[in-house]
Amino acid sequence: MKRVLFLIGAVCVSLVAKTGPDFHQYFLIKTMRIDYYFTGIKGETIISLDQIKEEPIWAGNLHNLIDTLNYGNHKVEIYDKSTNTLIFSRGFSSLFQEWQTTDEATAGNYRTFSASVLIPYPKKPIRFLHLSRNRRCEFEAEFETTIDPDSRTIRRDQPPSGFKRKAFIENGSPHEKVDILLLPEGYTKKELRQFRNDVKHYINVLFEAPPFNEYRNCFNVWYLEVPSEESGIDNPRESVFVKSAFGLTYNSFDSDRYILALDNKRIRDIAANAPYDQLYFIVNSKKYGGGGIYNLYSTCYTHDSADENAWWSDYVFVHEFGHAFGGLADEYYSSDVAYNEFYPLDVEPWEPNITPNANPKTIKWKAFIEPGTPVPTPWDKAEFDAIPYKNQEARSRFLRQQEYWDKVGAFEGAGYVSTGQYRPYLDCKMFSKSLVDFCPVCQQSIIRVIKFHTAE
Numbered sequence: 001m002k003r004v005l006f007l008i009g010a011v012c013v014s015l016v017a018k019t020g021p022d023f024h025q026y027f028l029i030k031t032m033r034i035d036y037y038f039t040g041i042k043g044e045t046i047i048s049l050d051q052i053k054e055e056p057i058w059a060g061n062l063h064n065l066i067d068t069l070n071y072g073n074h075k076v077e078i079y080d081k082s083t084n085t086l087i088f089s090r091g092f093s094s095l096f097q098e099w100q101t102t103d104e105a106t107a108g109n110y111r112t113f114s115a116s117v118l119i120p121y122p123k124k125p126i127r128f129l130h131l132s133r134n135r136r137c138e139f140e141a142e143f144e145t146t147i148d149p150d151s152r153t154i155r156r157d158q159p160p161s162g163f164k165r166k167a168f169i170e171n172g173s174p175h176e177k178v179d180i181l182l183l184p185e186g187y188t189k190k191e192l193r194q195f196r197n198d199v200k201h202y203i204n205v206l207f208e209a210p211p212f213n214e215y216r217n218c219f220n221v222w223y224l225e226v227p228s229e230e231s232g233i234d235n236p237r238e239s240v241f242v243k244s245a246f247g248l249t250y251n252s253f254d255s256d257r258y259i260l261a262l263d264n265k266r267i268r269d270i271a272a273n274a275p276y277d278q279l280y281f282i283v284n285s286k287k288y289g290g291g292g293i294y295n296l297y298s299t300c301y302t303h304d305s306a307d308e309n310a311w312w313s314d315y316v317f318v319h320e321f322g323h324a325f326g327g328l329a330d331e332y333y334s335s336d337v338a339y340n341e342f343y344p345l346d347v348e349p350w351e352p353n354i355t356p357n358a359n360p361k362t363i364k365w366k367a368f369i370e371p372g373t374p375v376p377t378p379w380d381k382a383e384f385d386a387i388p389y390k391n392q393e394a395r396s397r398f399l400r401q402q403e404y405w406d407k408v409g410a411f412e413g414a415g416y417v418s419t420g421q422y423r424p425y426l427d428c429k430m431f432s433k434s435l436v437d438f439c440p441v442c443q444q445s446i447i448r449v450i451k452f453h454t455a456e
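Residue 267 in the working numbering sits at position 267 of the sequence shown, with consecutive numbering throughout.
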């Protein structure tokens with residue numbers, strides 16, 4: 001199965017037909033950034049408009065204007081106001097949606113999160129519709145407004161200047177490639193040389209991992225040199241608070257290793273200096289941690305080359321990009337997380353690599369399952385669970401000895417729960433902390449996203 005995927009990916013030629021109307025009929029080649037607020041608790045969401053900004057760069061594809069992936073917990077739909085024609089849509093996820101599953105939100109403590117949507121700049125007035133998934137994973141409209149692109153209330157100031165923009169990989173026009181923008185967090189001016197070295201290291205790691213190794217020429221990689229006043233990032237559990245460029249912090253949602261940023265508008269203002277489809281923060285900290293939110297951003301700590309576990313950050317870098325770019329769910333179930341009922345067992349998740357459905361006739365990755373592979377697929381789960389989590393080598397060795405080690409099936413244990421959710425492969429970069437590859441199902445999802453962004 002893997003061999004087929006690799007052959008398809010040998011060149012960056014999209015087989016995805018373009019979707020949607022003609023770009024130049026409705027849009028200019030620059031960005032409209034719509035900033036708004038999520039406010040609420042578990043089960044309650046209030047959306048309010050903050051501001052609208054004009055930005056100079058539109059990096060998105062000019063052909064695939066309508067999102068056909070159906071990924072993300074939210075979606076925006078843009079309609080031409082005069083004809084009510086759908087002219088753009090995009091799926092994404094948010095910090096707010098994750099926070100709504102935490103104990104804090106369940107307890108009824110209201111919080112507000114800033115968020116942004118980037119769309120190509122419309123030529124004429126539009127209807128902006130924001131949708132979110134309900135408990136049944138169906139999209140429901142939550143907010144609607146009309147926007148006049150000529151309004152005097154739209155901010156037209158230029159992005160903050162003074163940050164060096166450099167291309168690490170430049171394979172073509174941003175409109176025809178996936179553009180990754182790397183941002184340094186917690187690097188002082190004197191440490192930016194180390195940031196450049198880290199860019200080289202982690203991008204090489206990413207493009208050594210299948211299927212990215214077969215699709216390297218579909219990507220551009222940019223970085224901005226943004227110095228921090230102080231080195232490192234916040235670590236609240238150790239009472240460490242740092243004046244870093246973007247305000248990233250450990251212990252997000254009270255999960256020690258979870259690194260996120262809440263200063264959304266500062267991030268967007270600085271990032272507007274470069275073309276990007278994906279934002280990635282390289283964090284100047286040796287403490288294990290990271291994060292990845294679909295179509296929002298990824299974060300990853302940096303390794304200590306003298307440490308025998310230096311490869312851990314290589315794993316985290318690719319794993320988190322699997323979330324933010326590929327729309328992949330966590331397949332593990334044995335680590336502590338901040339969420340409650342993140343994936344209800346009676347609902348099919350939108351993520352392509354986990355499911356509560358173990359029916360061989362209807363499971364969503366049935367095309368990958370070979371005849372003779374039972375579904376659900378048996379494995380010695382109780383014995384695996386008895387192996388200490390810290391002994392990753394023994395856990396990996398145990399999985400390789402299973403009867404269906406190299407088969408796509410339905411293996412119980414995924415999405416933060418031990419029973420009731422299934423993953424397609426015994427081991428995968430979304431399951432264990434190891435240097436194993438993405439499984440065939442995850443690779444297919446990543447390839448779908450690449451082709452969507454690079455359609456001609």
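Don't take each hint at face value.
[What the hints assert, rightly or not] With a straight-line cut-off of 20 Å between C-alpha atoms, the simulated SDA-like cross-links for lysine to any residue are: (1) K381 to T419; (2) K243 to G162; (3) K166 to F207; (4) K265 to C137; (5) K243 to S231; (6) K124 to H63; (7) K433 to F368; (8) K381 to S418; (9) K451 to P160; (10) K190 to E214; (11) K364 to A386; (12) K265 to Q97; (13) K30 to I52; (14) K407 to F368; (15) K433 to K364; (16) K381 to V347; (17) K287 to V199; (18) K75 to V347; (19) K124 to F168; (20) K433 to V205; (21) K286 to V347; (22) K407 to T362; (23) K123 to P160; (24) K361 to K407; (25) K166 to N204; (26) K42 to D254; (27) K364 to R448; (28) K243 to P160; (29) K42 to F253; (30) K30 to W350; (31) K75 to P21; (32) K287 to L435; (33) K124 to E77; (34) K381 to R395; (35) K364 to P160; (36) K164 to L192; (37) K164 to V199.
Keep in mind the hints are simulated off the structure, nothing from the lab.
Computed from a predicted model, the values in this text were never measured in an experiment.
Here's how the hints hold up against the structure:
1. At roughly 10 Å between alpha-carbon atoms, K381 and T419 fall within 20 Å of each other, so this suggested pair holds.
2. Between K243 and G162, the direct Cα distance comes to roughly 19 Å. Compliance with the 20 Å bound is thereby established for this hinted pair.
3. For the given pair, K166 sits about 19 Å from F207 by alpha-carbon distance, which is consistent with the 20 Å threshold.
4. Between K265 and C137 the CA atoms are separated by roughly 28 Å; this puts the pair beyond 20 Å, and the hint is violated.
5. Taken as a hint, the K243 and S231 pair is honoured in the structure, with Cα atoms around 8 Å apart against an allowance of 20 Å.
6. Only pairs whose Cα atoms come within 20 Å are accepted, and K124 paired with H63 is accepted, the gap being roughly 19 Å.
7. Between K433 and F368, the direct Cα distance comes to roughly 24 Å. Violation of the 20 Å bound is thereby established for this hinted pair.
8. Taking the CA atoms of K381 and S418, the gap is about 9 Å. The hint holds against a cut of 20 Å.
9. Distance hint between K451 and P160 is unfulfilled; the C-alpha atoms sit about 32 Å from each other, more than 20 Å.
10. Distance hint between K190 and E214 is unfulfilled; the C-alpha atoms sit about 36 Å from each other, more than 20 Å.
11. Our distance criterion of 20 Å between C-alpha atoms is broken by K364 and A386, whose separation comes to about 30 Å.
12. Distance check on the hinted pair: K265 and Q97 sit about 18 Å apart at the alpha-carbon level, within 20 Å; holds.
13. Taking the CA atoms of K30 and I52, the gap is near 13 Å; set against the 20 Å cutoff, the hint holds.
14. Restraint check for K407 and F368: the C-alpha separation of about 9 Å stays at or below 20 Å, so the hint holds.
15. With a C-alpha separation of about 25 Å, the suggested pair K433 and K364 falls outside the 20 Å cut-off, and the hint is violated.
16. Proposed proximity of K381 and V347 is contradicted: the alpha carbons are some 23 Å apart, above 20 Å.
17. Between K287 and V199 the CA atoms are separated by roughly 18 Å; this keeps the pair inside 20 Å, and the hint holds.
18. A threshold of 20 Å between alpha carbons decides the hint, and for K75 with V347 the separation of about 19 Å falls inside it, so the pair holds.
19. At roughly 36 Å between alpha-carbon atoms, K124 and F168 are farther apart than 20 Å, so this suggested pair is violated.
20. As the CA atoms of K433 and V205 are separated by approximately 15 Å, the hinted pair is consistent with the 20 Å bound.
21. This hinted pair does not check out: K286 and V347 have alpha carbons roughly 38 Å apart, beyond 20 Å.
22. The hinted pair formed by K407 and T362 meets the criterion: a straight-line CA distance of about 18 Å does not exceed 20 Å.
23. As the CA atoms of K123 and P160 are separated by approximately 25 Å, the hinted pair breaks the 20 Å bound.
24. With a C-alpha separation of about 17 Å, the suggested pairing of K361 with K407 holds against the 20 Å cut-off.
25. Taken as a hint, the K166 and N204 pair is honoured in the structure, with Cα atoms around 16 Å apart against an allowance of 20 Å.
26. For the hint pairing K42 with D254, the CA-to-CA distance comes to about 17 Å; that is within 20 Å, so the pair holds.
27. About 15 Å separates the Cα atoms of K364 and R448, which keeps this hinted pair within 20 Å; it holds.
28. For a cut-off of 20 Å, the pair hint linking K243 to P160 stands: about 18 Å separates their Cα positions.
29. A threshold of 20 Å between alpha carbons decides the hint, and for K42 with F253 the separation of about 14 Å falls inside it, so the pair holds.
30. Restraint check: the Cα-Cα separation between K30 and W350 comes to about 30 Å, which exceeds 20 Å; the hinted pair is violated.
31. At most 20 Å may separate the alpha-carbon atoms for a hinted pair to count; K75 and P21 meet this at roughly 18 Å.
32. Between the alpha carbons of K287 and L435 the distance comes to roughly 19 Å, so the proposed pair stays at or under 20 Å and holds.
33. For a cut-off of 20 Å, the pair hint linking K124 to E77 stands: about 15 Å separates their Cα positions.
34. For a cut-off of 20 Å, the pair hint linking K381 to R395 stands: about 11 Å separates their Cα positions.
35. Between the alpha carbons of K364 and P160 the distance comes to roughly 45 Å, so the proposed pair goes past 20 Å and is violated.
36. Simply put, K164 and L192 have alpha-carbon atoms about 11 Å apart, close enough for the 20 Å limit, and the pair holds.
37. Straight-line distance between C-alpha atoms of K164 and V199 comes to about 14 Å, which keeps the hinted pair within the 20 Å bound.
The earlier numbered hints that this structure contradicts are 4, 7, 9, 10, 11, 15, 16, 19, 21, 23, 30 and 35.
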